[in-house]
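A.B. asks: In case you want the letters, here they are:
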Amino acid sequence: MIIATGKSSLIDEMKVQSGQNPAECYQCAKCSAACPVTAAMDLLPHQVIRYLQLGLEEDLLKSKTPWICASCFTCAARCPRDLDLARMMEGIRLSMLRRREGNKFGPADLTPEQLEKLPQQALVSGFRKYNK
Amino acid sequence: MPRIGIFICHCGSNIAGTVDIEKSIEAARGFPGVVHVDEYRYLCSELGQDLIKKAIEEHNLDRVVVGTCSPRMHEVTFRKAVTEAGLNPYLLEVANIREHCSWVHKDIEKATPKAIALLRAAAAKAALNDPLVAPSVEVEKRALVIGGGIAGIQAALDIAEAGYIVDVVEREPSIGGRMAQLEKTFPTLDCSACILTPKMVEVAQHPNVSLLTYSEVEEVKGFVGQFDVKIKQKARYVDPVKCTGCGICYEKCPAKTPSEFEMGLAKRKAIYVPFPQAVPNIPVIDRDACLYFRKGRCQICAQECPPQAIDYEQQDQIIERRYGAIIVATGFDQMNPSHYGEYGYGQHPDILTGLEFERLFNASGPTGGKVVRLSDGKPPKKVVFIQCVGSRDKARGMNYCSKICCMYTAKQAILLKEKVPDAKSYVFYIDVRTAGKGYEEFQRRAAEEYDVAYLRGQVGKIFPESDHLMVHGVDSLSGKTIEIKADMVVLAVASVARADAPEVGRLVGINSDSYNFFNEAHPKLKPVETHTAGIFIAGACQAPKDIPETVAQASAAAVKVVGLLSKDMLQGEACTAEVNQAECSGCLYCEAVCPYSAISPVEIEERYHGGTLKRTVVEVNPTLCHGCGSCTVVCRSGTINLKGFSNEQILAEVDAICLQR
Ligand SMILES: Cc1cc2nc3c(=O)[nH]c(=O)nc-3n(C[C@H](O)[C@H](O)[C@H](O)COP(=O)(O)OP(=O)(O)OC[C@H]3O[C@@H](n4cnc5c(N)ncnc54)[C@H](O)[C@@H]3O)c2cc1C
Ligand code: SF4
Ligand code: SF4
Numbered sequence: 001m002i003i004a005t006g007k008s009s010l011i012d013e014m015k016v017q018s019g020q021n022p023a024e025c026y027q028c029a030k031c032s033a034a035c036p037v038t039a040a041m042d043l044l045p046h047q048v049i050r051y052l053q054l055g056l057e058e059d060l061l062k063s064k065t066p067w068i069c070a071s072c073f074t075c076a077a078r079c080p081r082d083l084d085l086a087r088m089m090e091g092i093r094l095s096m097l098r099r100r101e102g103n104k105f106g107p108a109d110l111t112p113e114q115l116e117k118l119p120q121q122a123l124v125s126g127f128r129k130y131n132k
Numbered sequence: 001m002p003r004i005g006i007f008i009c010h011c012g013s014n015i016a017g018t019v020d021i022e023k024s025i026e027a028a029r030g031f032p033g034v035v036h037v038d039e040y041r042y043l044c045s046e047l048g049q050d051l052i053k054k055a056i057e058e059h060n061l062d063r064v065v066v067g068t069c070s071p072r073m074h075e076v077t078f079r080k081a082v083t084e085a086g087l088n089p090y091l092l093e094v095a096n097i098r099e100h101c102s103w104v105h106k107d108i109e110k111a112t113p114k115a116i117a118l119l120r121a122a123a124a125k126a127a128l129n130d131p132l133v134a135p136s137v138e139v140e141k142r143a144l145v146i147g148g149g150i151a152g153i154q155a156a157l158d159i160a161e162a163g164y165i166v167d168v169v170e171r172e173p174s175i176g177g178r179m180a181q182l183e184k185t186f187p188t189l190d191c192s193a194c195i196l197t198p199k200m201v202e203v204a205q206h207p208n209v210s211l212l213t214y215s216e217v218e219e220v221k222g223f224v225g226q227f228d229v230k231i232k233q234k235a236r237y238v239d240p241v242k243c244t245g246c247g248i249c250y251e252k253c254p255a256k257t258p259s260e261f262e263m264g265l266a267k268r269k270a271i272y273v274p275f276p277q278a279v280p281n282i283p284v285i286d287r288d289a290c291l292y293f294r295k296g297r298c299q300i301c302a303q304e305c306p307p308q309a310i311d312y313e314q315q316d317q318i319i320e321r322r323y324g325a326i327i328v329a330t331g332f333d334q335m336n337p338s339h340y341g342e343y344g345y346g347q348h349p350d351i352l353t354g355l356e357f358e359r360l361f362n363a364s365g366p367t368g369g370k371v372v373r374l375s376d377g378k379p380p381k382k383v384v385f386i387q388c389v390g391s392r393d394k395a396r397g398m399n400y401c402s403k404i405c406c407m408y409t410a411k412q413a414i415l416l417k418e419k420v421p422d423a424k425s426y427v428f429y430i431d432v433r434t435a436g437k438g439y440e441e442f443q444r445r446a447a448e449e450y451d452v453a454y455l456r457g458q459v460g461k462i463f464p465e466s467d468h469l470m471v472h473g474v475d476s477l478s479g480k481t482i483e484i485k486a487d488m489v490v491l492a493v494a495s496v497a498r499a500d501a502p503e504v505g506r507l508v509g510i511n512s513d514s515y516n517f518f519n520e521a522h523p524k525l526k527p528v529e530t531h532t533a534g535i536f537i538a539g540a541c542q543a544p545k546d547i548p549e550t551v552a553q554a555s556a557a558a559v560k561v562v563g564l565l566s567k568d569m570l571q572g573e574a575c576t577a578e579v580n581q582a583e584c585s586g587c588l589y590c591e592a593v594c595p596y597s598a599i600s601p602v603e604i605e606e607r608y609h610g611g612t613l614k615r616t617v618v619e620v621n622p623t624l625c626h627g628c629g630s631c632t633v634v635c636r637s638g639t640i641n642l643k644g645f646s647n648e649q650i651l652a653e654v655d656a657i658c659l660q661r
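Respectively, the protein sequence lines represent chains P and C.
So that you can map any letter, position 8 of the first sequence is 8 in our numbering, and since no number is skipped, the others follow by simple counting.
So that you can map any letter, position 132 of the second sequence is 132 in our numbering, and since no number is skipped, the others follow by simple counting.
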């Protein structure tokens with residue numbers, strides 16, 4: 001049950017981090033229909049936005065969905081409200097990291113071959129996604 | 001013996017695809033009295049009509065039967081064609097072999113004999129057709145508008161501008177209707193009074209318009225072009241000529257009663273104008289509240305009134321006038337949601353309807369324009385709006401969508417944020433419906449810029465708890481139940497027909513749907529006409545609608561009226577009832593069933609055994625008769641007949657059909 005307060009620090013953070021306003025979403029769920037990895041998610045992408053709209057921080061922070069998100073940007077390409085949900089997901093991950101533990105993995109977790117073979121871009125986005 | 005010509009239309013493949021034209025022609029040649037038969041692909045085309053006209057001349061035809069679509073579609077077309085060839089239009093007969101035959105059958109083997117039977121029947125009737133002449137009716141060049149809301153005001157202005165005289169009958173002491181009660185209007189948020197008052201003044205001052213306020217229509221008789229109307233103008237107890245509108249009377253009047261205009265949220269005096277911008281600005285005395293009328297003592301207003309305009313002796317007046325056309329624009333009401341126990345309406349001063357909440361924004365409203373709780377006068381910080389209260393509810397409300405509530409709820413949430421910047425609004429909705437120019441954008445602005453939380457779901461209960469209202473609802477999108485500690489609850493209740501709409505409908509002779517909204521003649525193509533010629537509808541009396549749609553409909557109705565009044569004469573109905581008084585037994589059954597009061601009893605003198613005998617029979621007023629035929633059915637002596645549809649003609653058709661078997 002929600003005692004609606006309408007205030008959530010997560011929303012405010014996420015707004016700053018992603019430049020997106022979840023209030024603009026009208027819950028058509030096109031993002032969820034397009035997302036290629038929903039099978040592995042516990043909350044569908046549009047539900048993540050709904051939780052943001054309702055300020056359901058606790059539930060959101062427990063969700064695996066932001067970590068399953070492949071950052072493929074399909075949702076952003078399809079959204080009729082011109083929202084970039086992938087960016088919001090990124091913002092949520094950052095907030096989660098800041099709130100919970102520290103870095104999820106660092107250069108030390110990689111073997112020298114991995115470091116050599118992985119493309120630079122994958123490394124950079126991996127660190128962005130999993131580090132504080 | 002008549003000389004009948006039969007013309008069969010293919011209607012492309014609409015008829016020819018299911019009816020064997022060749023066989024039909026063959027059969028038609030054998031009907032009694034038929035001297036010529038022809039066919040054409042599209043008989044209604046210019047060429048098709050020429051074919052008929054030429055044949056009338058060449059074969060000297062005096063009756064024409066067309067086997068075509070429904071007479072509703074093209075009877076007028078073919079009547080015109082035969083008239084041009086010198087025949088009386090009523091000597092034409094239409095056999096409907098499309099809607100009644102080819103469209104409803106698939107098997108050509110079965111449809112063809114049916115088409116032949118229909119043609120045979122039409123020919124048999126045509127043989128008995130008489131030339132008829134429709135009476136001409138003079139058009140009274142004056143229009144009546146019933147209801148002085150924005151619909152009535154707009155319609156009256158348009159008719160007046162076109163140069164015709166128009167009377168507006170308004171029940172309340174002032175015109176303006178619901179729009180006068182509104183604060184700002186979606187989707188542009190212009191102030192309602194600022195756009196309405198100039199129109200009220202314009203209509204009041206227009207030389208072609210007479211306003212009859214505090215008046216009601218008592219009786220409507222007659223027909224298109226000549227409606228005879230009785231209007232009751234209730235006594236105001238104030239002389240409109242002497243009154244200067246100074247307002248001293250209602251300032252001094254000691255008697256108070258709840259104000260209808262303020263939805264009972266404030267009091268008014270016994271002598272009052274409903275709102276400051278009232279037009280006309282002439283007070284009325286409410287007898288039920290006035291101390292003088294109730295107890296015989298007071299008369300303060302009479303003593304205080306500088307021009308001595310108060311007149312306790314004034315009487316109701318009956319005005320009788322003739323009008324060429326009538327527009328009904330009586331508007332709508334708000335449902336009382338008391339039977340929704342879960343919302344607690346009427347049990348707590350901070351649970352309001354949308355229209356009541358609207359009044360709180362108004363500078364002359366019950367709170368002087370301060371948006372505050374009526375319980376403690378504090379500005380509300382959390383307001384819950386509930387949509388679809390009584391709309392889209394087949395169990396306890398109305399099946400339909402009230403259409404305006406999504407928009408006015410968004411509007412009120414925006415206005416609230418402007419008046420109380422730290423207020424937060426929550427809107428419980430089932431669907432947000434915002435079709436209309438600029439509407440979707442407006443509602444999104446409420447959600448995005450004014451921080452209005454839209455919760456998809458309904459409210460199950462509201463409990464007053466200390467100084468707030470605990471609202472229990474659900475958000476079906478997240479599947480979460482929601483509790484809100486609200487300061488105020490606003491119910492977007494269903495817009496419903498006025499309680500007296502059925503009575504008004506009966507009075508003017510138009511029908512309504514199952515919700516008592518007046519019916520248009522065609523849901524798409526005749527949106528402002530009714531089934532009664534000369535009577536039109538406009539505004540929210542037809543269905544819930546917003547101001548732009550109301551105004552558009554009002555202008556449309558005005559155009560129809562102007563078109564009608566621009567004619568000097570109208571063609572009346574040719575197919576009216578006629579009675580053979582020699583056979584009439586005077587039972588007066590027909591008088592009782594005639595919906596148009598066209599039949600009345602008369603005394604005649606007859607010779608009887610050398611002497612004379614007085615006897616009651618009936619006579620038909622052909623200008624009042626609409627040719628509905630009800631009387632012919634009840635006549636026990638079978639002596640009242642509809643011209644063009646006599647018993648003889650109809651039996652001839654039946655015989656012709658039966659002959660086939
Ligand atoms: C809370 C609320 C907010 C709204 N906000 C907006 C808005 O922001 N923008 C917008 O576009 N629309 C708005 N609307 C809708 C708007 O009020 C209507 O579209 C408009 O009032 C319809 O006008 P009308 O003339 O058809 O009916 P009405 O305004 O109801 O006028 C009918 C008139 O006829 C009179 N009458 C009734 N019966 C009789 C009779 N038997 N004899 C003589 N006179 C009679 C009545 O006294 C009244 O004066 C709102 C409605 C509500 C309830
Ligand atoms: S596609 Fe856009 S509007 Fe639709 S639910 Fe997803 S974020 Fe909301
Ligand atoms: S006479 Fe009636 S209307 Fe006049 S002041 Fe007294 S109570 Fe009011």
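It should be emphasised that the hints constitute simulated quantities derived from the structure, not laboratory data.
Check before you lean on any hint, since a few could be wrong.
Label pairs and their in silico Cβ distance ranges [said to hold, decoys possible]: (1) P:33 with C:451: 53 to 61 Å; (2) P:12 with C:559: 37 to 45 Å; (3) C:339 with P:12: 22 to 30 Å; (4) P:61 with C:431: 26 to 34 Å; (5) P:33 with C:449: 22 to 30 Å; (6) C:431 with P:122: 42 to 50 Å; (7) C:466 with P:77: 32 to 40 Å; (8) P:19 with C:363: 52 to 60 Å; (9) P:73 with C:431: 50 to 58 Å; (10) P:24 with C:230: 42 to 50 Å; (11) P:77 with C:266: 38 to 46 Å.
It should be emphasised that the depicted structure is a prediction, and the values quoted were computed from it without experimental measurement.
Note that beta-carbon positions come from the ideal geometry of N, C-alpha and C, so glycine has one too.
A.B. asks: If a hint holds in the structure, say so; if it doesn't, say that too.
C.D. replies: Cross-check of the supplied hints:
Distance hint for residue 33 of chain P and residue 451 of chain C: a CB-CB separation of about 28 Å, inconsistent with the stated range 53 to 61 Å. Separation of residue 12 of chain P from residue 559 of chain C is about 55 Å and departs from the stated range, judged on CB atoms against 37 to 45 Å. Look at residue 339 of chain C against residue 12 of chain P: about 43 Å separates their beta carbons, and that is not inside 22 to 30 Å. The given range of 26 to 34 Å is respected by residue 61 of chain P and residue 431 of chain C, whose C-beta atoms sit roughly 31 Å from each other.
Between residue 33 of chain P and residue 449 of chain C the beta carbon distance is about 28 Å. The supplied range of 22 to 30 Å therefore holds. About 44 Å separates the C-beta atoms of residue 431 of chain C and residue 122 of chain P, a value consistent with the hinted range of 42 to 50 Å. About 51 Å separates the C-beta atoms of residue 466 of chain C and residue 77 of chain P, a value inconsistent with the hinted range of 32 to 40 Å. Against the hinted window of 52 to 60 Å, the Cβ-Cβ separation of residue 19 of chain P and residue 363 of chain C comes to about 41 Å, which falls outside the hint.
In this structure the hint that residue 73 of chain P and residue 431 of chain C lie 50 to 58 Å apart at CB is violated, the actual value being about 30 Å. Look at residue 24 of chain P against residue 230 of chain C: about 59 Å separates their beta carbons, and that is not inside 42 to 50 Å. For residue 77 of chain P paired with residue 266 of chain C, a C-beta distance near 56 Å fails the hint of 38 to 46 Å.
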